[in-house]
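Novice: Taking the hints into account, I'd like the entire structure generated from these sequences.
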Amino acid sequence: MILLQCVQLTKTFGAEPILSNIKLEVQSKDRVAIVGRNGAGKSTLLKIIAGKLSYNSGDIIIPKDVTMGYLAQDTGLESERSIWEEMLSVFEYLIKMEKELRSLETKMSDPTFINNESNYEKLLNEYDLLSETFKQKGGYQYEADIRGILSGLKFSDKDYSTKISTLSGGQKTRLALGKLLLTRPDLLILDEPTNHLDLETLAWLEQYLLHYEGAILIVSHDRYFLDKVTNIVYEISRTKATKFVGNYSYYLEEKAKRYELEMKQYEKQQEEIEKLQTFVQKNIVRASTTKRAQSRRKQLERMEKLDKPQGDEKSANFSFEIKKQTGNDVLRIEQLSGGYSPQETLFENLTLAINRSESIALLGPNGIGKSTLLKTITKEIEPLAGSIKYGSNVSIGYYDQEQAKLTSNKQVLYELWDEYPLTPEKEIRTILGNFLFSGEDVLKNVADLSGGEKARVALAKLMMLKSNFLILDEPTNHLDLDSKEILENALIDYPGTILFVSHDRYFVNRMATRVVEMTKEGFIDYIGDYDYYIMKKQENIEREQLKETKEKKSEQLEEQPNKQSFLQDKEAKRKERQRLRRLEEIEQNIEQLETSVSEKEEALCDPEIYQDHNRVSELNDEIEKLKKELDELMEEWTELEV
1 MILLQCVQLT KTFGAEPILS NIKLEVQSKD RVAIVGRNGA GKSTLLKIIA
51 GKLSYNSGDI IIPKDVTMGY LAQDTGLESE RSIWEEMLSV FEYLIKMEKE
101 LRSLETKMSD PTFINNESNY EKLLNEYDLL SETFKQKGGY QYEADIRGIL
151 SGLKFSDKDY STKISTLSGG QKTRLALGKL LLTRPDLLIL DEPTNHLDLE
201 TLAWLEQYLL HYEGAILIVS HDRYFLDKVT NIVYEISRTK ATKFVGNYSY
251 YLEEKAKRYE LEMKQYEKQQ EEIEKLQTFV QKNIVRASTT KRAQSRRKQL
301 ERMEKLDKPQ GDEKSANFSF EIKKQTGNDV LRIEQLSGGY SPQETLFENL
351 TLAINRSESI ALLGPNGIGK STLLKTITKE IEPLAGSIKY GSNVSIGYYD
401 QEQAKLTSNK QVLYELWDEY PLTPEKEIRT ILGNFLFSGE DVLKNVADLS
451 GGEKARVALA KLMMLKSNFL ILDEPTNHLD LDSKEILENA LIDYPGTILF
501 VSHDRYFVNR MATRVVEMTK EGFIDYIGDY DYYIMKKQEN IEREQLKETK
551 EKKSEQLEEQ PNKQSFLQDK EAKRKERQRL RRLEEIEQNI EQLETSVSEK
601 EEALCDPEIY QDHNRVSELN DEIEKLKKEL DELMEEWTEL EV
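So in full-length UniProt numbering, spot 115 of the sequence shown is number 115, and the numbers just go up one at a time.
Honestly, I wouldn't trust all of these hints.
Derived lysine-lysine pairs resembling PhoX-like cross-links, with alpha carbons at most 20 Å apart [unchecked claim]:
no., residue 1, residue 2
1, LYS305, LYS264
2, LYS520, LYS158
3, LYS228, LYS268
4, LYS96, LYS179
5, LYS257, LYS268
6, LYS444, LYS426
7, LYS257, LYS240
8, LYS314, LYS484
9, LYS96, LYS137
The set of hints was computed from the structure by calculation and includes no laboratory data.
As the structure is a computational prediction, the values presented were derived from the model and not from experiment.
Specialist: Take a look at the structure:
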């Protein structure tokens, strides 16, 4: 069933086209990803589909009975209700139905109705019908569903009576996602749902969406997430949409193949056009060949000329350099405790050593204190206890996920130039050009920039520092998929040391030479990339489960030694009876097979059969087969007799 169709959809802002003749279709069970550069129009398209934004032309076709749920990027749930009350509001129709059922039950126990047979029968039928509807709509499990969603989104340790107005922005965003998931619309539209989710919650959301009964239309910059969840990709590029049937990795491969094929077709046609044009020019004026030249010219005019494939849009281009190399010891923290005050201590007694050229991913659940630790290392926050020692020649470059150091009232050009006044304007403009700020873009106020543009300004400033120790807090936030890849390549070639926090698993896997997991008990070190970290964590879980199983078995054996002995004795006797029965069965089969072999060997001596070569051959084959069966039975008999 088709849930959504966009037909020749067009959207402009002023005179600038954002979307042109977009064709998009979502059917039941589809998992559709919309990808493209920042500013390509992905979120605009979702807002148009969700009815939050108008469009200039085209049609959006949604069947009347199709329900649709939309979560905008970084949408926080604003409410004066408690967490539980807000989630419960999704099921108001079930709560109302439940009250009706209780009311009917009260009436059914009323002697007035019991004594009136027709009224009572009518009441019973009404109750049965409502009860069945209540059951089908999930009336007996909606509270369990709420608890499951809240647990998956990391609210299980939170008091459900907590007022939503007291929660952080990230928590409100997660609650908005949870409330939408509880509504279970036929078409779920999600714009960057993985923002503000830690790795464990991301894994939970992936599993939830994989088993989601409806269709999903999603915008995300998380490559692992897109690969796992989606099976159709629409790329928005240069205002157009192109469909690819497969996940994100397939889309990348197929896109490259299509471009290569289109370029070959274009080049082949250009060669053909050139040959035809040359022939026409040489032969049009000659009487003997002018007719053929005119025929070639008509062929040229009729030809449907291919446009040159445009390929990818312009990408950022940058690299990170260092002024001076550090010693081998870059950072040593010992017994470090940190937070914003002694009453708000987020971590205690942390010890960590970082050496030159390491690329360390700092992972852990939201709220554990990762960003606070980075700010403590960069001296933005004073440590509450312990020591931080920096190695020789260490110069730190810090990327703040909140981009708090960007001056909002400055133009982009002066955001860099004011910090590096001795650098020529041309060089500043060149650097900004490498980060996709060209022409009038450099005169935009920082306050007016999108999240992705601010991220590129922050990275440009970081690049100009030429620090030998980069500390990065969520550097891929707000970056599109292409910009993430450019950043990864720049950091892989970086000759310094890196400590970073990221929830982008693909980025962590490419970047990390070591993973440090931050827990309430301290650090756990994994010398490897993200895949190695996940593998080791799974091994540890399985080891713990095996240990628990062995302990339980040991306890059971200690508690019930007599019962265990009795069961073992009973099993041994059962196996002995099986052995004896099988021996008897084998002996009978052996006797039958020996008789058959003997009869067939006697038959071979019969002159009539002896002269029939075909029959002799058949008998010999049968004898061989019987003897083989005999050998196998004799071998089994010998084993059982021992």
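Novice: Run every hint past the structure and note whether it holds.
Specialist: How the hints compare with the structure:
{"no.": "1", "hint": "LYS305 with LYS264", "verdict": "holds, 14 Å"}
{"no.": "2", "hint": "LYS520 with LYS158", "verdict": "holds, 17 Å"}
{"no.": "3", "hint": "LYS228 with LYS268", "verdict": "violated, 38 Å"}
{"no.": "4", "hint": "LYS96 with LYS179", "verdict": "holds, 19 Å"}
{"no.": "5", "hint": "LYS257 with LYS268", "verdict": "holds, 17 Å"}
{"no.": "6", "hint": "LYS444 with LYS426", "verdict": "holds, 17 Å"}
{"no.": "7", "hint": "LYS257 with LYS240", "verdict": "holds, 19 Å"}
{"no.": "8", "hint": "LYS314 with LYS484", "verdict": "holds, 14 Å"}
{"no.": "9", "hint": "LYS96 with LYS137", "verdict": "holds, 13 Å"}
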